[in-house]
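Chain by chain, the residues run as shown.
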Amino acid sequence: MANSFDVQVARIMLSGTLGDGDPFPLIKFPSSAGAVTILECQYTVATAGLVAGTGILAYGTPVATNGSILPLATIGTTFGTGGGTFPALAPITVDLTESPCIVPAGNWLTFAIGTLPDECQSWVTLAWVHGR
Amino acid sequence: MAESFDVKTLSIALPGTGNIAGTGIPLVHFPASAGAVTILEAHLSAATAMTHGTTWLYYGTPVAANGTIVPVATIGTAIGTVGALSPVTITLTASPCVVPADRWLCIRVQTNVAAAAQSKVNICYVLGR
Chain A
4 MANSFDVQVA RIMLSGTLGD GDPFPLIKFP SSAGAVTILE CQYTVATAGL VAGTGILAYG
64 TPVATNGSIL PLATIGTTFG TGGGTFPALA PITVDLTESP CIVPAGNWLT FAIGTLPDEC
124 QSWVTLAWVH GR
Chain B
144 MAESFDVKTL SIALPGTGNI AGTGIPLVHF PASAGAVTIL EAHLSAATAM THGTTWLYYG
204 TPVAANGTIV PVATIGTAIG TVGALSPVTI TLTASPCVVP ADRWLCIRVQ TNVAAAAQSK
264 VNICYVLGR
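Same order as they appear, the protein sequences are chains A and B.
FYI, the numbering for the first sequence is 4 to 135, going by our numbering.
FYI, the numbering for the second sequence is 144 to 272, going by our numbering.
Derived from the structure by calculation, the hints contain no laboratory data.
Watch out, some of these pointers could steer you wrong.
Pairs of lysine to any residue, SDA-like flavour, derived with a Cα cap of 25 angstroms [as the list claims (entries may be wrong)]:
| id | chain 1 | residue 1 | chain 2 | residue 2 |
| --- | --- | --- | --- | --- |
| 1 | B | Lys151 | B | Thr254 |
| 2 | B | Lys151 | A | Pro120 |
| 3 | B | Lys151 | A | Leu42 |
| 4 | B | Lys151 | A | Thr128 |
This structure is a prediction, so every number in the text was calculated from the model and none was measured.
Bound conformation, chain A alone:
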């Protein structure tokens, strides 16, 4: 029997030119929809042997109209092996640091990671439910 009802899932590609540690806007949870609770998050790279560093899942709001996203709270982290190297096509769990892992309405969910060459072709997978 399912423990969660009406679970939403998403798979979001990250751009290769993502700068060191800059939060990449994944999705926005609109103000009218209320908070969401993240159930799971994973990070996967297509090419092995690329040092990506530490991954940080956070949420935040734009610094200004049409501006970059200022993280308000970190809600998950992940680490590679041997200095942050991620194996190819092997989803690495992003450890959620809150329980329940709630993202308030009107916030962008972001993912930041270190050096990431174009050929890395990485993505984030998510599962969440509406409400808290």
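Once you've looked at the hints, dock chain B against the given chain A.
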């Protein structure tokens, strides 16, 4: 308290070679069997700061079987340079912003954008109107 129930969210990467002035990029097709949807919010972002010019969000139907999408109605616009990792709000021009069933949601930008832009569209919507 939430005003909208069961909101869907999408993040759709755009092909660098598809960001060509005057050419619509099909984002997602809302099936005929599911009824209309209502767009709540839309954003355009890019990995590399780049001028996209005027951007149109619209829905339409294929010009022919397996053909390109002919715009039926524009439902949103955005203007200007898209900063790196800085989502630009696409202003919805209809309220409520309804997309009828069996339509393709598309985006078109005014200015050619290099592949390095690695731009994407974020959509929030609910089923129904």
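Results of checking the hints against the structure:
1. B:Lys151 / B:Thr254: violated (29 angstroms)
2. B:Lys151 / A:Pro120: violated (31 angstroms)
3. B:Lys151 / A:Leu42: Distance of about 16 angstroms is within 25 angstroms: holds.
4. B:Lys151 / A:Thr128: holds (15 angstroms)
This entry does not satisfy hints 1 and 2, going by the numbered hints stated previously.
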